[in-house]
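Asks: The primary structure of each chain is shown beneath.
There are 2 protein chains.
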Amino acid sequence: MTGYITVGNIEESLTAFIRDSNFSKIGVLVDENTRQLCLPIVEECLTSFVLIEIESGEINKNINTCNSIWDTLTNNGFDRHSLIINFGGGVIGDMGGFCAATFKRGITFINIPTTLLAMVDASIGGKLGIDHGIYKNQIGLFQTPHHVFIDDQFLATLPKRELKSGFAEVIKHSLISKNDDWELIKNTPFEQLKWEEIIRKSIAVKSTIVNSDFKEQGLRKVLNFGHTIGHAIESYFLENSTSPLLHGEAVAIGMICETYLSFKKSGISENELNSIVKLIMHNYEKVEIKSDEFSGIFELTAHDKKNARNKIQAVLLKSIGMPLIDTEINSEEIGNALNYYNSLNI
Amino acid sequence: MTGYITVGNIEESLTAFIRDSNFSKIGVLVDENTRQLCLPIVEECLTSFVLIEIESGEINKNINTCNSIWDTLTNNGFDRHSLIINFGGGVIGDMGGFCAATFKRGITFINIPTTLLAMVDASIGGKLGIDHGIYKNQIGLFQTPHHVFIDDQFLATLPKRELKSGFAEVIKHSLISKNDDWELIKNTPFEQLKWEEIIRKSIAVKSTIVNSDFKEQGLRKVLNFGHTIGHAIESYFLENSTSPLLHGEAVAIGMICETYLSFKKSGISENELNSIVKLIMHNYEKVEIKSDEFSGIFELTAHDKKNARNKIQAVLLKSIGMPLIDTEINSEEIGNALNYYNSLNI
Numbered sequence: 001m002t003g004y005i006t007v008g009n010i011e012e013s014l015t016a017f018i019r020d021s022n023f024s025k026i027g028v029l030v031d032e033n034t035r036q037l038c039l040p041i042v043e044e045c046l047t048s049f050v051l052i053e054i055e056s057g058e059i060n061k062n063i064n065t066c067n068s069i070w071d072t073l074t075n076n077g078f079d080r081h082s083l084i085i086n087f088g089g090g091v092i093g094d095m096g097g098f099c100a101a102t103f104k105r106g107i108t109f110i111n112i113p114t115t116l117l118a119m120v121d122a123s124i125g126g127k128l129g130i131d132h133g134i135y136k137n138q139i140g141l142f143q144t145p146h147h148v149f150i151d152d153q154f155l156a157t158l159p160k161r162e163l164k165s166g167f168a169e170v171i172k173h174s175l176i177s178k179n180d181d182w183e184l185i186k187n188t189p190f191e192q193l194k195w196e197e198i199i200r201k202s203i204a205v206k207s208t209i210v211n212s213d214f215k216e217q218g219l220r221k222v223l224n225f226g227h228t229i230g231h232a233i234e235s236y237f238l239e240n241s242t243s244p245l246l247h248g249e250a251v252a253i254g255m256i257c258e259t260y261l262s263f264k265k266s267g268i269s270e271n272e273l274n275s276i277v278k279l280i281m282h283n284y285e286k287v288e289i290k291s292d293e294f295s296g297i298f299e300l301t302a303h304d305k306k307n308a309r310n311k312i313q314a315v316l317l318k319s320i321g322m323p324l325i326d327t328e329i330n331s332e333e334i335g336n337a338l339n340y341y342n343s344l345n346i
Numbered sequence: 001m002t003g004y005i006t007v008g009n010i011e012e013s014l015t016a017f018i019r020d021s022n023f024s025k026i027g028v029l030v031d032e033n034t035r036q037l038c039l040p041i042v043e044e045c046l047t048s049f050v051l052i053e054i055e056s057g058e059i060n061k062n063i064n065t066c067n068s069i070w071d072t073l074t075n076n077g078f079d080r081h082s083l084i085i086n087f088g089g090g091v092i093g094d095m096g097g098f099c100a101a102t103f104k105r106g107i108t109f110i111n112i113p114t115t116l117l118a119m120v121d122a123s124i125g126g127k128l129g130i131d132h133g134i135y136k137n138q139i140g141l142f143q144t145p146h147h148v149f150i151d152d153q154f155l156a157t158l159p160k161r162e163l164k165s166g167f168a169e170v171i172k173h174s175l176i177s178k179n180d181d182w183e184l185i186k187n188t189p190f191e192q193l194k195w196e197e198i199i200r201k202s203i204a205v206k207s208t209i210v211n212s213d214f215k216e217q218g219l220r221k222v223l224n225f226g227h228t229i230g231h232a233i234e235s236y237f238l239e240n241s242t243s244p245l246l247h248g249e250a251v252a253i254g255m256i257c258e259t260y261l262s263f264k265k266s267g268i269s270e271n272e273l274n275s276i277v278k279l280i281m282h283n284y285e286k287v288e289i290k291s292d293e294f295s296g297i298f299e300l301t302a303h304d305k306k307n308a309r310n311k312i313q314a315v316l317l318k319s320i321g322m323p324l325i326d327t328e329i330n331s332e333e334i335g336n337a338l339n340y341y342n343s344l345n346i
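Chains as they are written, first to last, in the numbering used here: chain H, 1 to 346; chain S, 1 to 346.
Hints are supplied without guarantee of correctness; some may be wrong.
Because identical chains share one entry, a pair is satisfied inside a single copy or across any pair of copies.
What the hints assert, rightly or not - Pairs of lysine-lysine, DSS-like flavour, derived with a Cα cap of 27 Å:
(1) 278 with 178
(2) 286 with 318
(3) 25 with 215
(4) 25 with 164
(5) 311 with 278
(6) 278 with 25
(7) 164 with 290
(8) 215 with 278
(9) 311 with 25
Calculated from the structure, these hints are not laboratory results.
All figures in this text were calculated on a predicted structure; none of them were measured in a lab.
Starting from the given sequences, assemble the full structure and let the hints guide the process.
Replies: Printed below as a string of structure tokens:
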């Protein structure tokens with residue numbers, strides 16, 4: 001399944017792909033950022049295309065935006081032999097993929113991720129979807145893009161905060177599989193990381209996991225490490241705060257909380273707990289989470305798609321590289337973990 | 001693939017299915033008609049369930065209704081171990097299946113079709129979806145229900161006009177495959193048809209075709225016989241008339257038009273043309289289609305999902321039982337076919 005991912009210079013690979021295909025129409029889905037900063041780089045690879053621009057931001061990853069994308073495809077006569085290029089971050093990839101996979105019951109789409117988060121995470125594994133109300137990715141389906149073209153030159157277009165957000169998934173991948181990735185990122189200052197190498201390693205972890213469990217029946221759930229609490233924090237801030245968190249920023253907090261619960265419940269050593277907390281706190285600003293917000297966050301964990309039969313299930317770690325899926329956690333434990341995070345002073 | 005279809009007494013088969021499963025929650029999607037007329041028959045097979053009621057009619061097969069279904073599932077805590085039972089006609093099956101297949105990226109659904117149309121057509125073959133603007137089934141995907149339970153006792157709840165609408169698909173199935181179905185329905189008065197036998201035969205035709213081409217790359221397109229023009233007429237009347245046609249009524253006209261084009265272009269004999277026209281005109285009321293409406297109908301054929309590269313493609317017949325896919329037809333030919341239909345006086 002990793003055969004569909006190309007990491008390297010986009011001008012070459014995309015030009016060859018388009019030249020060797022025979023699509024009736026090509027649509028390029030962008031937001032205002034990727035139109036301005038990234039489109040000029042690939043524009044010449046495409047002979048002609050319909051530009052579909054949506055407003056950036058998770059808040060627009062909803063059915064209304066899908067409606068407008070479907071309208072554009074309809075009005076421009078897209079058919080089952082057409083191609084959609086999702087050119088942007090996770091929102092573009094998730095939503096553009098969902099729109100393509102459901103337009104006329106499915107047309108071909110490829111992803112050109114432009115954020116680190118989309119390169120190492122969202123573009124890999126075929127999870128497509130949109131938010132519904134306050135619930136993230138509540139509506140969607142599983143389908144792998146026809147191809148994913150990854151070129152780290154787009155990372156230069158990102159604000160550092162976005163880059164750091166994607167880095168949270170790199171950290172996660174290094175923690176849930178046995179290899180030397182954790183040692184590498186723990187021991188390399190952020191500014192000295194070689195992105196193409198990091199991306200290849202991070203994709204390798206995710207692809208291996210996804211290939212063995214595409215529909216998330218078991219093993220794939222390990223990718224949810226940091227996300228049970230992280231997603232809930234992200235949703236809570238999106239709804240209740242004037243300064244919402246980026247996905248990776250929320251997942252970073254989620255990883256601290258879930259590593260703390262791993263220390264309390266599933267045997268990770270204090271040493272490993274401390275090294276994980278140290279790397280994360282070094283890379284992400286501390287966020288204030290008031291104790292009267294805990295119940296709202298807990299409430300949101302109850303809607304995680306990986307839950308079964310009203311129990312909150314998280315991925316904990318036995319040690320770095322050894323995740324445990326389907327571990328039940330309760331509201332008191334989540335409160336304790338948030339208190340632990342609040343108490344950190346690094 | 002036909003293993004997932006049970007034809008026979010619903011009380012027995014559904015009770016056994018529910019008893020042997022272990023769903024966290026069960027949702028039953030109905031409209032006001034199936035709630036009133038059909039639900040009492042199966043209610044006792046289910047220990048407890050959430051009733052999800054939508055308003056009947058193709059006009060409600062849209063994203064707004066999906067939103068309300070997704071809301072209900074969300075608010076009632078449905079998870080990936082829950083079941084949706086689509087209990088009704090084609091609208092319920094298509095839309096309920098789409099909602100289930102996309103809720104949390106897919107939960108289990110079964111269909112209990114209550115109309116003849118849904119029994120022999122919509123429930124078989126995994127086409128899920130909703131309309132978008134005036135375009136039928138523009139948004140959707142391919143996925144087979146976990147199971148389909150068919151019981152002809154529900155046909156007694158249908159108005160005769162609905163039964164006749166479903167009968168159009170029975171006629172279509174008999175015309176596109178080699179067997180004795182056409183002889184049977186041609187020679188049996190409508191009131192004397194044995195529905196369980198007819199349903200089994202009609203499902204057998206569709207299943208065989210669908211099994212060999214699930215994603216409609218080639219052979220499956222034969223099921224589109226009568227639908228290129230029929231769908232366009234249906235959409236046109238939905239938008240422009242105060243008395244919209246039922247799906248099968250539009251397809252009946254479409255089959256006459258496309259059989260006429262088959263006579264002109266692909267070799268069906270005048271004898272076979274006449275026998276098809278006779279059966280259809282005997283069963284369906286003549287509809288007035290004014291010549292100044294032809295261009296609006298033609299315009300709509302251009303959006304058929306089976307088209308490629310802006311050409312209008314239809315299924316024509318070489319003879320009864322011998323369909324030809326991907327035959328290009330143009331606006332003049334469609335006009336001639338509609339004139340032919342208008343000229344009929346049987």
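Asks: What hint numbers does the structure not satisfy?
Replies: 4, 5, 6 and 8
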